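Novice: Chain residues, written in single-letter form:
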Amino acid sequence: MSNNIEIVKTTTWSAGPGCHGGCGVEAHIKNGKLVKIEGDPDHPWNQGRLCARALAMTQYIDHKDRLKKPLKRVGKRGEDKFEEISWDEAFDIIEEKMNKIREDFGPESMIFSMGTGRDIGPWICMLAYAYGSPNVMFALSGNACYSPRIAALDTIQGDYSVFDAAQWLPGRYDNPEYKVPECMIIWGYNIPATCPDNLFGHWIIDLMKKGTKIICIDPRLSWFASRSKYWLQIRPGTDAALAMGFLHVIIEEKLYDHNFLKKFTDGPRLLREDNGKLLRESHVVKGGSVENFVVFDKTSNTIAIWDTTLQEYKSKIKSGKTNPAFSGQFEVDVLGGKKVQCTTVWDKFCENAKQYSPEEVEKITFVPADNIIKAARFYAKSKPASIHWGVPIDMTPEITPLCHAIAALWALTGNLDVPGGNVFTRSAFNAVAYALPGAEGVIKLKDQDQDKTRIGRDKYGPFNKFIWRCQTDTVIDQIFSGKPYPVKGLWMQTCNPLSGIGLDPKLWQKVLGKLEFIVGVDLFMTPSLRYADIILPASTFLEKDGVRSWWVPLQTINKVLKVDDCRPDAEINFELAKRFDPDFKWEKLHDLFDDIIEPSGMNFKELQEKGWALPPEGHPSRPYHRHEKGLLRSDGKPGLTTPTGKFELYATLREEWNLEPLPYHKEPPFTPISRPDLAKDYPLILSTGRRSPVFFHTEHRNIPWLRELDPDPVVEINPDTAKENNILHGEWIIVENWMGKAQFKAKVTEIVPPWMVMAAHGWWFPEEKDDPLFKTFKSNINMLIPMNNQGKDGLGAPIKHLLCRIRKPLSNEIVHNEEERINQCQN
Amino acid sequence: MSELETPQYGMLIDYEYCTGCQTCVVACKQEHKHSAGKLGGVEVQELIHKLPNGKLYITNMPFFTEMCVFCVKRVKEGLEPACVKHCMANILTFGEIDDLKKEIPEKRKSILWIKG
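These protein sequence lines are chains G and R, in that order.
First residue of the first sequence? That's 1 in my numbering, and the numbers climb one at a time after it.
First residue of the second sequence? That's 828 in my numbering, and the numbers climb one at a time after it.
It should be emphasised that the hints constitute simulated quantities derived from the structure, not laboratory data.
Keep in mind the model is a prediction, meaning the values are calculated, not measured.
We put the beta carbon where it would ideally sit given N, CA and C, even for glycine.
Hints may contain errors.
Claimed, not checked - Now the in silico label distances, taken between C-beta atoms and shown as ranges:
no.: 1; chain 1: G; residue 1: Lys483; chain 2: R; residue 2: Met888; range: 54 to 64 angstroms
no.: 2; chain 1: G; residue 1: Gly482; chain 2: R; residue 2: Leu866; range: 51 to 61 angstroms
no.: 3; chain 1: R; residue 1: Lys865; chain 2: G; residue 2: Glu359; range: 55 to 65 angstroms
Extracted from the complex, chain G is given alone in its bound form:
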């Protein structure tokens, strides 16, 4: 305490900086107000550092435009006529209207929609499940952010994995267990936006200073590209071809880790040549299991059975050790007196990779063959090496084959769960709040019957195995078709589909116009909120208690202050969950927090006292070498948590889903190659979503310190392309295609190649208060991106590789309110 200033430690998570959180902060409080915020120097995550968005919290907390009272719509949808009401009245209206929907149409007729999710996930699930609806929606087409990657890795390797920056270890980089990676592949990720997917972006800078060399895969000259040993300037949407090219080099030059291949992959399993599928015990032994697989044993010179339950070979010779063949052609007797020709998974995998010679891959990706070879060698020979991938991986329809190819890289080079490699990652102490891929969570549906109506569940394999949300494109279709059941209401929490997460935002406008009842929960009025019937004012991270178990560390979020009538999302949803569910399990929110972190052996108060906790050595949620030590599987046997216990070069689940079990590249739906007809009129590749350090998606355009640093929506154009189209640096231009158009300020720069433009995303104009939708369609690049292009497994969307043209505007086509914008940038 000095000058009556109290310093309170807490953890960032969402509202405020807007991100996925994890940073330790010190909030300086005077008379109940935030006067300053700083990074907590004792916190192992950020070690005293703090980003621009978190440092601007004083402007956020007390912003004049913050929603501070519940609102009720009194005008037409989108007309911006609301009146203030009390929390009791707001809750009463919501209870009455949603009960009516539940009685008339069933609970599944309410959709519970979130934006990027962040800390909302558990609380929105808690409310939806208490109400009885399984329909929790992440509103992006193809669910194309993060959960596709998680589902893909769960399919192939059982657990998710991330690059290791010693985040699990006390003392971080100085811990003797840790090794700095010699090489790191940065695949579609740029640094200034800092922290994706629960990693602190600048950890990579820490590693570079300690000697890590970078291979950067990016069509655009990112900062990493500029600092990399190899920059592979890839054509957007061809990443799987490049990954296959890497595998080609690694296999041809035998740079793979033989030990990992032998012990932990499905390489020796036999594949039938007659139908291309796995040979199973049930095919060769009467009464044999479909879950057991067949190999050719070199010791006994006959087949042997891999027993999936026992995780070992059933050896015919008692004393003999099975020595499975990884390569060869075998004729096997199958039931019914037939003989089938078989080959091994490894042979098939190699044959597949063989098609992707560096020369072929150069033709597909535009990356010179020589660079592919050099980079692949450098990655494979570096020990350890890691890969960090960004969201562009999810933003393509064939996302699972792409992840499969990349995962095969870190697995086959022996970099899985080794210090400095890509390590398996789980919630700290296995404290799981809500259903996520591979984990059940404390917050769950009352019974599995409730899940039967979840939209997309029966249409797409991963949605019945790993992803417990709706398939977003299918939801939108169903809202219009009413089949198989009508959708009547929408709970929209920290979600702004008209400006950011919604592709084809005019379609979303129709959606919002069609629904009978919409509740919006947010911190500021947004274009989408203007369609809500009831609006509830939510809190920043400084105004709430919470727990965060997303990997490490396990930590609490501690309430530091209160702002007007705003309430934390968790409290809002908790209150309503109690109203909707007479059997709701928890009396107080803190009882639920205690339940979530129970596996740590601490309760909320104890953890809060400690600040954060790392899982101890030997715990399944702490690296390393867990697949060798038997720490991953519930039966305690070595191996992975895939259905068959191995890293699956041939994905058994994909076979079950009638999808290609081996990785491959397929040209995305809208590129100059796949659609030369469209490319005639729209010759440029449109890539979107390059990050800004001062914004989180649609947020922060109203925070003066931040907006002044990135004042306008920008499209990056190569000087040659600009010249060709008679466009000057700094002028407002039109970017358009067959879907629609949007206006941007031209940034003429060599950081993008001549064949591509990069447009910023998430734009709306909070200063345009008189416009019913804050002019959100003016510079929204999603106007050019269609929905419904998800992959065959319901995942992914073509967000990084559309087609467009650019041109000078017609007279009066550009309306830009510079004066209002300048007002917004001042305080």
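Keeping the supplied structure of chain G fixed, place chain R upon it in accordance with the hints.
Specialist: Frame of chain G, contents of chain R only:
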């Protein structure tokens, strides 16, 4: 002139690792309550150069302005200047010039900024 503004103090800028995250800019504005739209103590310039070998290169350069007072109040309390403390890439070092000279990174371009 406060004692910290005398020429024996300076800022060592290891700018090859500056990622352009703008943290220093906002840290300064918060610390000194500078309004948006007004000059703060530091700005970050992005420079894109085509090098003689044809390689494109991004340099982010934290540029300290007339408004920088080396966070005299903080330093007197034994704290680092706000930008130095929060820099995400840890590229800023504040101190006496003689000490900073010893901190100059080897084999890397850097700037030792003094107020003059």
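Novice: Does each hint hold? Answer for all of them.
Specialist: Taking the hints in turn, this is what the structure says about them:
no.: 1; hint: Lys483(G) / Met888(R): 54 to 64 angstroms; in the structure: holds (59 angstroms)
no.: 2; hint: Gly482(G) / Leu866(R): 51 to 61 angstroms; in the structure: holds (58 angstroms)
no.: 3; hint: Lys865(R) / Glu359(G): 55 to 65 angstroms; in the structure: holds (56 angstroms)
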